[in-house]
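Position chain B against the provided structure of chain A, taking the given hints into account.
Here the protein sequences line up with chains A and B, keeping their order. If you use the numbering used here, the first sequence corresponds to residues 1 to 303, in order. If you use the numbering used here, the second sequence corresponds to residues 1 to 385, in order.
Simulated from the structure, these hints should not be mistaken for laboratory data. All values derive from a computational prediction rather than experimental measurement. In this text, a Cβ means the ideal position worked out from N, Cα and C, and glycines have one as well. Just so you know, not all the hints are guaranteed correct.
Unchecked claim - Covered stretches of chain B, as calculated for chain A (at least 3 residues, CB under 8 angstroms):
1. 193-206
2. 242-255
Said to hold, decoys possible - No farther apart than 27 angstroms at their CA atoms in a straight line, the calculated lysine-lysine pairs in the BS3-like style are these:
3. B:K116 - B:K168
4. B:K330 - B:K292
5. A:K124 - B:K330
6. A:K124 - B:K299
7. A:K124 - B:K377
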Amino acid sequence: MCPGGKKMNLPQVVQYCFAGITVGSIYAIVAIGFNIIYNTTGIINFAQGEFLIVGAMTAISLNHFVPLPVAILLAVVITTLLGGLIELVFIRRAQNASVLHLIVITIGISILMREAMLHIWDEKVRSLPYFTGTGVSTITIFGAHISPQVLWVLGVSAVIVMGLTPFFRFTLTGRAMRACADDRMAARLCGINDKWMVTLSFMLSAGIGALAGCVISPVTQTQYDMGAPLAIKGFTVAILGGLGNSMAAVVAGLLLGLVETFVMSQFDVAYKEAVSIVILLLILVFRPSGLFGKHEITAMRAV
Amino acid sequence: MRKQLVKVTGILVLAIVIAISGIVKAADEPTIKVGAIFAVTGGASNLGAPEAKTAEMLVEKINKEGGVKGHKVELIVKDSGSKPENAISLAKQLIEEDKVLAIIGPSTSGETMAIKNICQEGNTILLSCAAAEDIVNPVASYVFKTPQKDSDAVRRIFQVMKAKGITKIGVITSNDGFGIAGGKQLAKLADLAGITIAISEAYDKQETDLTGILTKVKGKDVNAVVNWSIVPAQSMVAKNMKQIGLDVPLFQSHGYGNIKYVQQGGEAANGTIFPCGRLLIAELLPDSNPQKALLMGYKKDYESRYKEDASTFGGHAYDAILILVEGVKKADSIDRDKVRDAIENLKGLVGTAGIFNFSSSDHNGLGMDAFEIFTVKDGKFAIYK
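So here's chain A without its partners, still in its complex pose (with noise of 0.2 angstroms):
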């Protein structure tokens, strides 16, 4: 079953940790999206994959009239908003909602955008262009080769990581949105519009979960109804890393990617699924905080 385990040479060996940060990379980018609305309400968003689909659709319809750049810019403004009305129409209208409830909203969310897409876009796959080469270009790196698009994935979520991180930790509008989870009734005495605040992290959720599927959109393709087993991988990684703490799922998404992919390289493909869920299992009975995330509940919310 694994002849190959001992005859790896080293640029076998790269080739298959870039192909693990390849698959990783996209993990990782989905599951920062899910922290932002966990960081300020404490629910599970699992519209999240949905928020990907719209934004790289809306950016592949626009790369028709105008450059790549203004299209994702574009997509990501209207995502954002679309966002924010989701979260007026939905979500705040379900006022004294547990977070139950909530969580139960945004699976039916996420069922009325696939069918709302499939009606604007068809059924087709389609894909935005590789941003820096095309389809066959690869940057060989210890004669093992990797897509530019992949360093793309990670630039961007090392971006996003890095803006997110400082803005939940010092700004006023970040650490008032991370008060709204901890007691959204203390955080309305100290004088913070939580409601605002609930309708923020959905916009700025939306918004990361656009650009995130712009940028895998030419590695993935995207289709109406990829949303879904995207989140899911999305949502594992997050629980793996700790939830709310973006800088954890990037690292977390990485370490699944690289482990599937040597999972795959010894035994057969179809045990790497198997492998990610006895990890989640084996995290959610052991460290239900995640992998880097601190003991008490609350602290899991700290960035």
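Chain B alone, transformed into the frame defined by chain A:
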């Protein structure tokens, strides 16, 4: 007394009206109800969407021309979302509630295998648009299929490999009905063709990146890669191979016959080799080819109506309806069993996939000559030489 008279007259009038409407209805031939289960959405939508469009277009045309032997055709299209479990409930609905004469589709092998027995037990004709040989082998008396056999596709691919001196290959398949069935045929026929399969792996049909699995293939020093799937991952294979520097020929299955897969693959798709029906290059065929007129006609109708390129998949739905119509004409009846018998005895019927010659042991009716070998040149399909 007067009241009673009104009542009696009323009943009489009602009875007459019912009687007349009955007569009027009896004068009309009953409609032929045809069910269709297509993967209009979901992973196999590149198959199901053109199939549904083709079926609707063709039925409209048939009805405009007066129907089949005076019977109008009523087409009931259901979307399976590419899921076998949906196909099961839709098939039951079509058989038990709509009481259709026949079911066209489903689009994929997995869905077809899920409903093969349901149709057989429900005595309803099934004209599948999916490729796997398992659909008609073993033969179920009510089950037929229109695409060419996957075993023939494999044989054609191996012929090309032999000519190119390829002896050691890597196989990757999607883990759905089509991929699994194709993988089985490749494994079964490789020995006979003198080809070694150094590695055979299945990937998830929703896979978003294949560099990992292809790295594994690369480690085996193969002369060529065969990918067997119908999912969007098909276009990813070529790109990912180039990205990891796996510079060997890529062979795809006849599931690659939609130009959209090529467009998605970009310049990486150039050089891909695959077997497929002749629809893709209809204009390049000599006028003497018996299929040419039909292919050109279908292509023109489809492309002018839907403003997109025709694909072989739509052709499979075209053939399914064509076969059913011919069956009804030949049986001169809309009795399921009579139509079934008639279809089983159809010979020399020219369709989009090839020339059909059915028999009680062959419910596909196509031979290896139904395939042409294609390649991709400058983002377009071309005949492989």
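Evaluated hints:
1. 193-206: holds (count 5)
2. 242-255: holds (count 4)
3. B:K116 - B:K168: violated (36 angstroms)
4. B:K330 - B:K292: holds (24 angstroms)
5. A:K124 - B:K330: violated (39 angstroms)
6. A:K124 - B:K299: holds (20 angstroms)
7. A:K124 - B:K377: holds (23 angstroms)
The structure is inconsistent with the numbered hints 3, 5, although it conforms to all the rest.
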